[in-house]
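Enquirer: The primary structure of each chain is shown beneath.
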Amino acid sequence: MHGERREWEAEAPLRQCTLEDYQGATPRWCPGCGDHAVLSAVQRLARDKQLPPEKTVVVSGIGCSSRFPHYMATYGFHGLHGRAFPVACGVRSRRPDLHMFVITGDGDCCAIGTAHWIHTIRYNMDLTILLLDNNIYGLTKNQTSPTTHLGERSNTHPRGNVLPPLNPLSVTLGVANASFVAQTIDWNPPHLYNTIRAAYEHKGTSFVRVLQRCPHFTSHIFAEAQQDMNLVTLLTHEDGIPLDPQLQRLFPKHQMHDPHDLAAARGVASQEASYPVGLLYRNENAARYDLQTFQGLGKSQAEKMAATEQWLSRFEI
Amino acid sequence: MSPTLVDQHIVEIVSDSGEGAQTCGQMFADLCARNGNGIWTVEIIPAEIEPPSRSRAGASGNRIRVGSQAVTNAGDSADIVVALNEQVLYSRIDAGALRRGTVVVVDKTWADHPEDETRRRYAEAIADFNLRGYFVVEAPIESECRKHADDPKKGKNMWVLGMLCAIYDLDQSSVRDNIAKRFAKKGEAIVRKNLDLFADGYAWALAHFQQRFRVPAEKRTEPTVVMNGNQALALGVMAAGIEVCSMYPITPATSASHFLANALQEAGGFVHQAEDEIAAIGFAIGASYAGKTAVTITSGPGLALKTEFLGYAVMAEVPLVVIVVQRGGPSTGLPTKIEQGDLLAALYASPGDSPKIILAPATIEECFHFVITARKLAEDFRGPVMILSDANLATGQQPFPKPQLQTDWLAAPVEQAAWNESIPPFAWDSETGLSKRPIPGQRGGEYVLTGLAHDEESHVAYESAINQKTMEMRSRKLAVLQSALRPPRVHGEESGDLLVVGWGSTLGCIEEAVDLLRGEGRRVSSVHLRFLSPMEPGLKTIFARFRNVMTVEVNYSDPPGAPFITAESRRYSQLAQLLRSSTLVDIDCWSQVPGSPIPPSRIAAELRHRLDKAEREN
Amino acid sequence: MTATLLEQLRTFHITGHGLAEFAAAITVDDFDAAPLPAEPADFCAGAAIAFPISALLAKRGPLRTQFTEQLRQVAERLEDLLALDDSHAAGAVSKNNLGAAAQYFRVDNLDAVMRRRANPVLRKAPERRERCQHALATLRQALAIVHPPFTLFHQDGHIPDTLHGDLHVSADPCAAALDYALNQLHAITPALKALRVARLDLDDAYDPPVHDPILHRFRWEAAGAGELAAQSPVIAVLTAAQAAATSLCSFTRLLRSGCPVLLIVTQPAFCQQDLACDAPDFAQLAMTYRDAFILQSSLGAPEHFRAAVDALAKTLRPALAVVATPSGGGWAESVILAQSAASPLFTFDPAAGPRFRDCLHVQPPGPNPWTAAHAVALNPAVQSHFRRIPLDTPERDTFELSEYLRLYEQRAPLAIPVLTLRSRERVAISRDVAEYCHDRQQARSRLAEWGAAAPAPEPGKIDSNEAAMREAAQRAFAQAIALVTKEGGKS
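Protein chains in written order, with our numbering: chain H, 1 to 317; chain Z, 1 to 618; chain Y, 1 to 491.
Just to be clear, a hint being listed does not mean it is correct.
[Unchecked claim] Keeping only pairs whose Cα atoms sit at most 20 Å apart, straight-line, the calculated EDC-like set for lysine to aspartate or glutamate is: (1) H/K253 x H/D228; (2) Z/K469 x Z/E456; (3) Y/K95 x Z/D408; (4) Z/K219 x H/E316; (5) H/K253 x H/E272; (6) Z/K147 x Z/D196; (7) Z/K181 x H/E316; (8) Y/K95 x Y/D85; (9) H/K55 x Y/D203; (10) H/K55 x Z/E421; (11) Z/K613 x Z/D558; (12) Y/K95 x Z/E379; (13) H/K55 x Y/D207; (14) H/K55 x Y/D204; (15) H/K55 x Z/E457; (16) H/K55 x H/E201; (17) Z/K402 x H/E316; (18) Y/K95 x Z/E365; (19) H/K55 x Z/E415; (20) Y/K95 x Z/E536; (21) Z/K402 x H/E309.
[Unchecked claim] These stretches of chain H come out as covered by chain Z in the derived footprint (C-beta under 8 Å, 3 or more residues): (22) 73-81; (23) 87-99; (24) 289-300; (25) 306-312.
Hint data in this document are derived by calculation from the structure and do not stem from the laboratory.
We treat Cβ as the ideally placed atom computed from N, Cα and C, and that holds for glycine.
Using the sequences plus the hints, can you model the full thing?
Expert: Listed below in structure tokens is the structure:
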């Protein structure tokens, strides 16, 4: 009555997807690899939000991280090294109805894919980007990555890395039109889940850097932070990543940070004493390129032909 | 006196940048086209964006070839060249565009220029032109124009247009209408000024120009359009119902995207300017994967960057249309010049075996229609289809029958019905290798696209049997397409002494050269390929009917007599290499890379030389 | 003399007769108050009807266009779908869909090869085609109908010319409007169904076992808000007198129908017969139906009227607009009546919240201490109820009307209520008018209480100032009564 009763939709039988419906092939990551936690979190999120698997697309590049799509029973695009972002933008450009996740790694995103990284942040199309940062090239067996710490040894730098690492958070926060930048850790599943969920819910490009353990090549890197939680600072704020008060107590260090404050976010990103974990920046009003690209969807054949005819006629003699 | 009837004439108008020679040329071409003449226009582009005035490198303008019948190429030497200063005329001389007897109309204002140096150079040039055998006419263009406009730079082109109208005995009224329409936005006063300039030029020519010509023509009965190749490609994109065009700026391809940037939105699509060439093709592949086939437009250097993604599209069988408007290479080469040097790169540049469909339109009309075919083939054969155009087609203008748009040409609505789960995402037909693809949104069709070797289910598979089979399937598709193509048409007799094979924009000049020689009684024919991968069938059979076969192309090949060039070390031109390897016929080649279209007479000379040589050897 | 005058005044007050020589016209300038806002150009009875209708059209017009556009787009896409299906019947590959380059192909070979693919291009099942065709036909039919901008039912034809719509005269406009509106909704239901079928079929998501029963049960009540709002507005117009005579049954049916119909009731701001306050209060009556949107406003309160009409235009519920139109005293009378809240201005929006007081919004009275009497004093028809008193009449037996009304609760005093003019003259008022003012005040405060616009004053909680005044007044009463009794007793 009065246009408020959703009789039609309410009566359509609901389809209930279980966790199994999102589970694809058995993951081949090493035991203890942080990627497992991310996969579980994303599958849980899909189940909690009841995302139809046929409407969900996971796009990745190349790397350990980028095996991700094969382990989800949704549509996937396992693409080229460094090139997940332009593909994801193309997929989104005419499909407002799809739920999209983009999985990338520190080499994939911050080395070969840098150009696309910068511009995809700026396009701010509705994407959820998870950068699985284990500070190393894992799949190709132990080469230095742009985020590898100073002094770390690898196959390409046996005497130790001589350059300070790139800070993906600072770089992303330096790009115009950035709209959502967060960092989380794979060894705290509730925080990981809440961050990914907030990223999914944000309309725009959500960039989440996941500090991801690699037991095979960089087991020492995050082991310290895992044991001594003082090396991690939990960002708190009512507009930030929500976390149960009981779970907040697992983090001895807290910092109140307003995610709308870009300058403060940049400060948080660049501080080196500990890993900031939580939402660094959020801007709901950033321009969205996909809202532009969606225009004209659904034009009928007649309308298209009329437009083409009109342009063609300008050349008539 | 009554005008001389000619079958075709070539007119060039050159000036410094910004003097409107191109507008004059376009309007003249338009007028002739309206008259029913065939035309072929070529832009004369200066090397720099703002070159100095009165310099050889700064020539800007048009060459218009007007014919009684359809005109298919830019022709040989010009019959009339109008130069607003004598220095730009030299650029045309350097390009070999003139011959003894060419009428040269020069603005004689420079004869009375206040600067000594200018007057001296002018006098020198005029003397030189006479020595070269040109018929020099010094016209008071600037002084006449000053009667109407303070800044004669803006009026000379209209005056010249009037002059040409008179020389070619063309109907004034439609030009006057055209002028009125073109300058309507600038107001009554400007329109009147231009009309006056036009009238003056016309009157001057009637009074002072001794020759008059007419290129007879029959008024067209069917609707006709005139446009350049890039515009035709762009309109083809729209007519094919393509909604996503992804590009990065690169000469000479960009004007097609500019057109689409204006027009495609009205047809429900959009142009994406990506951050680089790789992003452009990545974006297009993403869009294709998620729905309707997309297009990406580039040139040679861009193609080089796109090769990894092209290989991905072949491996993952994603439909895509890739338009390459070739330019002078190698490397940055000659961005605005003509060459067809990317054929082998298009075929082979991706890692491993990447069979893909390649089409090459030979005329501007084909630029339009081939996009429609390309989209359909991309979807049916599930992979990338490349269209190789070049700078000649991109900027040349030619009339052709106005296409009658059809709904059948448009891409179908995106299929979202549930996918039959018993059918895998790569259900290769055992004989044809063809399969249908699920599109995200189709329930039951979920699969992960990958560039890794994969099986039918798109699961990563490293087994050798699977790798062998899947490569076979992807290759098979090309054979299947070939089985559905017709053998090419032979221009000329079905058998003879010499067969010339070409591809791309050389169609017109090759056929004109062949016709020239046939007129001389020589037994020469030509064949022009539209499909380069797979190639049209029946070539070996056709070749067998000719004593000798050669290709004529605009890309590099070693000339046979040069030092160190032996039968073993000689590098052949690109189509010749392909034909030799696929037919095992000892096909020769002749190619030039001048950056400009090869004149028919040059080809004819070479063909004569070959025929004579062959006769001597027999 | 004074006593006699007082007696005469008292007599006048109670009976309304006598002291005819003191009767005099009163104009608004006689009152000591801030000047009233200027009279708007469109202050006429017609505005009460024209204004809500044009607001409705302004709001619904774009929605109508949108809805029609939606129908058209969906119809075109259905046509495309059917055409695509036709082309699939003809062949996977044909001379047509290859483009002009078809000359290079052996088209039949290619077609044969294409058909070999697994999951080849299939034609749609016949019953799906039929369903699409039927939906398409229904949509095209709906698009072909031309709707009037609005349809209006009334009894006697005083409808402003500026409105362009379908006007119908009817003996019972409420019933006629409701029937017409329901018919309109039933008529559009097939198109709404077709729209849903089409959308599902375009996505290839129509599943007969699931959707057929839903389709079968579909009624207009399940339509979306945008779709309901897109229908051509239906309006019934009555004057208060006509409304009083109309069947309560059809009045009720209309307001409880659940469909978007508007009933406009116009009543003169002040009706002479209404001094007895027995005319039906339509707006308050309608509130008991809980589900209808109600608006009571006056042309004398243009801002409130405008805002209320805006809110009315947004609702899809059955709505009642009761609007006070000009009467004998003209603009000034209307404004003062509105500002004195003699006829309370309020809106009742059932959708505004869960509690009654969330839904009811009563306009607080204006800053000036007007009473209804000030307004009716300007009306020539009732000037017989007013007498200008000579300046030297003692004050002790006369009470300023506002004070009189405040003290009314305790005991109806025999003192004479007066209005004080700018010239310090006092104007005595008849008891009928005083009762009228009291009744109007009560009505407003009761309404305000319901809406909790201002907290009802709690008994026993009176501040000291107030207490002192009460005490003084009480003493004055007692004195007055003593006097009267004594004097009455004397004579």
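Enquirer: Would you mind marking each hint as holding or not holding in the structure?
Expert: Hints, verified against the model:
| no. | hint | result |
| --- | --- | --- |
| 1 | H/K253 x H/D228 | 11 Å, holds |
| 2 | Z/K469 x Z/E456 | 10 Å, holds |
| 3 | Y/K95 x Z/D408 | 10 Å, holds |
| 4 | Z/K219 x H/E316 | 14 Å, holds |
| 5 | H/K253 x H/E272 | 14 Å, holds |
| 6 | Z/K147 x Z/D196 | 10 Å, holds |
| 7 | Z/K181 x H/E316 | 15 Å, holds |
| 8 | Y/K95 x Y/D85 | 17 Å, holds |
| 9 | H/K55 x Y/D203 | 13 Å, holds |
| 10 | H/K55 x Z/E421 | 16 Å, holds |
| 11 | Z/K613 x Z/D558 | 19 Å, holds |
| 12 | Y/K95 x Z/E379 | 16 Å, holds |
| 13 | H/K55 x Y/D207 | 18 Å, holds |
| 14 | H/K55 x Y/D204 | 14 Å, holds |
| 15 | H/K55 x Z/E457 | 19 Å, holds |
| 16 | H/K55 x H/E201 | 16 Å, holds |
| 17 | Z/K402 x H/E316 | 7 Å, holds |
| 18 | Y/K95 x Z/E365 | 17 Å, holds |
| 19 | H/K55 x Z/E415 | 13 Å, holds |
| 20 | Y/K95 x Z/E536 | 18 Å, holds |
| 21 | Z/K402 x H/E309 | 10 Å, holds |
| 22 | 73-81 | holds (count 8) |
| 23 | 87-99 | holds (count 11) |
| 24 | 289-300 | holds (count 7) |
| 25 | 306-312 | holds (count 6) |
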